[in-house]
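Based on the provided sequences and hints, a complete structural model is requested.
Listed in order, the protein sequences are those of chains A and B. Per the numbering used here, the first sequence starts with residue 1, numbered consecutively. Per the numbering used here, the second sequence starts with residue 1, numbered consecutively.
No wet-lab data here; the hints were simulated from the structure. This one's a predicted model, so the numbers in the text were calculated from it and none came from an experiment. Among the hints, a few may not be true.
[Claimed, not checked] Derived pair list, reagent style DSSO-like, types lysine-lysine, alpha-carbon separation capped at 27 angstroms:
1) A:K320 to B:K136
2) B:K93 to A:K320
3) B:K436 to B:K196
4) A:K345 to A:K257
5) A:K320 to A:K182
6) A:K24 to B:K424
7) B:K163 to B:K196
8) B:K479 to B:K182
9) A:K24 to B:K436
10) B:K98 to A:K320
[Stated by the list, open to error] If we take Cβ atoms under 8 angstroms as the criterion, some of the chain B residues that face chain A in the derived model are:
11) P34
12) P65
13) P66
14) G139
The C-beta atom is built at its ideal place from N, Cα and C for all residues, glycine as well.
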Amino acid sequence: MEKTVSKTTEFSPGLAVEIEQIDKELGRIWEESGDNQTRASHINLAVYTEDCSAIETNTEIIRQIAQDHACRAILICADVTAKESKVRAWISAHCHVYNIGEHAVCSEQITFKLDGDAVHALPNIVFSHLDSDLPLYFWWQGDFPSTFESDELWSWIDRLIFDSHSWQNPNVQFAILSKIQKEAGERIILCDLTWTRLLGSRFALAQIFDHPGALQQIDHLTEITIDHAPGHRTTAYLMLGWLAAQLDWELHSILGKHTFRNRAGREIHFTLIEKEGRCISVCRLASPDASFELRRDVGSDFFHAEISLPGVNPLQVTLKAERDRVTDILLQEIVRGGKHPLYLKALAKIEPLFH
Amino acid sequence: MRYETGLHKMPSNTDPRQTNPLREGLSSRTVAEPCTIVIFGATGDLTHRKLVPALYNLAADGNLPPSVNVIGFARRDKTNEVFRTELGDAIRKFSRQKVNEELWSRFSDCIHYHRSAFDNAEGYTKLAERLDELDKNCGTRGNRLYYLAAGPDQFEVILRNLKESGLNHSPTGGWSRIIVEKPFGYDLPTAQGLNKQVNEAFAENDTYRIDHYLGKETAQNIMVLRFANSIFEGMWNSRYISHVQITASEPLGVEGRGGYYDHAGAMRDMVQNHLMQLLCLTAMEPPTDLSADAVRDEKVKVLRSLRPLTGPEVIKNVVRAQYGAGAIDGKRVAAYRDEQNIPPESVTETYVALRLHIDNWRWAGVPFFVRVGKRLPKRGTEIAVHFKDVPPVLFNKGTDVLDENVLVIRIQPDEGIALRMSAKLPGTSLRIEPVKMDFHYGTSFGKAAPEAYERLLLDAMSGDATLFARRDEVEEAWKFVDSIHAAWIEEKDKTLRFYSAGTWGPGEAEDLLARDGFTWRRL
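In structure tokens form, the structure reads like this:
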């Protein structure tokens, strides 16, 4: 069940408040709610966008996240093109009753609109409204800027969330990301939603090779084919990078043609096919004696795997697939945590493919 | 816990050095291996209510390995199709998540029914043939997990036949494991007898004794709370803790289990297994690592350190009682002796309260009070750690005695942790009141925790026995409980007290704490 504290009829990010009154007004919301609402929070979730039409969508995403992960949400919309420098703020609460008769558990959302030069106030806006002692998850929507005036922001972030598949120029963006990581030091953890989106496929592929017969074939793979949706080339590359990193393959390029080679020098050819469907709809791996296919059809909640091994009937398996709405991906990222060391390894394997 | 490290153990029938490199970073747990699960007593309640829904939920969460078959072994005549239909109805009723028909259809294809009496040797020969065929067709590689879900009186005949038919060993170099449901015997001699039968057929490290309390999320969290937070462990001893109360209460009566319950009683049904496990998790020393044996070694040490209760010590430190007629939720309920299948002269206890001491350095002088009862006002299982009072120097003096700090670990329902402490009431005068910091799993994490059986089945498929009771644990617990039973028998029925249904037990249970200046916590 959901209950919203803000009392407007048309969409609004909540109650408009003066910046300096935010804490006071939030306190008033809780006082007015009496004893039947509990405020809870275990992360600070900041969302930054330069597309102000996305406020409603982002608010809805935060509302859904808050059902499972109570948080202090800070939604920032920056209009860098605005001539007038201005900061506006709204507050709201997302309340959920899990069982009838129980107290509502509420998360707070503070929405900021930064116009013109006020965009430079971003770090200050974030720093001054964090819930103390809780980690900061910062979701940067869209491209990173090539320069940023206050690098201090990055060092405050525990988890920097972004989605590399939406980047127009991954080569440039990954370079900026690398710079951000250097500036931020060890604290920051890079969370690419494209990598998270691959989790279900990676898990299902790993399950295929949990089969002892399949595992015996893993060092003999020679062919990989990945069918990916338009706009998901980066996703397919990351899948390749993951396989290469885990199976110890190196990328080789001769006259513009790329292949991988394993430790024994065996070549592994790969083909990426752009096709309508899921971001990754099919992943086929083959050795001279066996083949493995992982498929996810549009509209299906499952992966269908086929394992063909020598001397055994082909084995068909249905494996769970996660939903891949952005909210589900973000939730997966929050739930799983971890430092994503494999992401960096995978990225290093395929970096030349972005050039 | 969130990790992204470590490669994962692979089945024993492949090159033991070979690990699945694609598993790295995907899961913090050992990988479940392809296998066939044979359930003895497949037409019973446990299979329908718990086991198959748990397996379905594991499949739905993507936690089952690529090849898992289930064979239901039972006496009744039925076909695979009828068996699957019955199980389909059961999971629609008992599954914790909504059933996806596409998944169930695939999953149910791997469920088979095997009709045989438990004492029919030919039935086991045919079972072996069937298992070999599944290994060949489905890639289960000779891995077998036998589940004794039949009545305990059938365990011996099943174990003997498994051994005689050679099914206790996997023919192709896989593994054969057995899961034994409680009760693990009726007393120490019967437990030893059962353990002997089990271990004649299966090695101890292939034996998985289920105590479903250990599969509960909050029970697992006791170790996390104690050993993953630096603020508690330093105070977790007799210097700071005055006493510990462990409570398992329920408003239910015997609910159709009269025949079994009257034979067992609260001590055998709950204390010997569930409450002893909670006591061990609360009192144990930090294990050297999280391996099954390291954890269970520490639990056994607690059981061995329990001060034995014999003869007059039992009369002094244990209260046993039976419920009389009363009211639950405003409705009249019958006395225990008037319940179905209960003899009118029954002296079986439905309530037990114990005052225990753990004779080791950490717990010297700290009493552990344990109580369990049926027809109590409220359902709840919890561990309450009561800390010592602050010195009567500044605030805690004169008539203004402060409530002590209490850390409560709620096992069920409403799993969570609460800490009671003192705070100044706002105002110009100094008035101190107790306040509660309360953490609820449900509201903080939202996501529903898996059922205990899901975790335990997955662990058995993965070869992780940490959450299962080891032979010496079971036998040490029986040894302790048997001496109490012996004293009760000696005293005949004189030790049995009565309480009205819907109350918190007999007055003698209050006296047990009052002697030390304590009172039972109000749930």
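Verification of the hints:
For the given pair, A:K320 sits about 25 angstroms from B:K136 by alpha-carbon distance, which is consistent with the 27 angstroms threshold. The suggested pairing of B:K93 with A:K320 holds, with an alpha-carbon distance near 21 angstroms, which does not exceed 27 angstroms. Of the supplied pair hints, the one linking B:K436 and B:K196 is violated, its CA atoms being roughly 49 angstroms apart against a limit of 27 angstroms. Pair hint A:K345 plus A:K257 holds up; C-alpha atoms about 22 angstroms apart against a cutoff of 27 angstroms.
As the CA atoms of A:K320 and A:K182 are separated by approximately 37 angstroms, the hinted pair breaks the 27 angstroms bound. A C-alpha spacing of about 23 angstroms is found between A:K24 and B:K424, which places the hinted pair at or below 27 angstroms, so the restraint holds. With a C-alpha separation of about 13 angstroms, the suggested pair B:K163 and B:K196 falls inside the 27 angstroms cut-off, and the hint holds. For a cut-off of 27 angstroms, the pair hint linking B:K479 to B:K182 stands: about 17 angstroms separates their Cα positions.
Taking the CA atoms of A:K24 and B:K436, the gap is about 25 angstroms. The hint holds against a cut of 27 angstroms. Proximity of B:K98 to A:K320 is assessed by CA-CA distance (about 14 angstroms); at most 27 angstroms being required, the pair is judged to hold. For B:P34, the interface hint holds, since its Cβ comes within 8 angstroms of a Cβ in chain A; the closest pair sits about 6 angstroms apart. With its C-beta approaching chain A no nearer than about 5 angstroms, B:P65 sits inside the 8 angstroms limit, and its interface hint holds.
Checking B:P66 against chain A by beta carbon gives a least distance of about 4 angstroms; that is within 8 angstroms, so the hint holds. For B:G139, the shortest C-beta to C-beta distance to chain A is roughly 6 angstroms, which falls under 8 angstroms, so the interface hint holds.
The structure shown violates the earlier hints numbered 3, 5.
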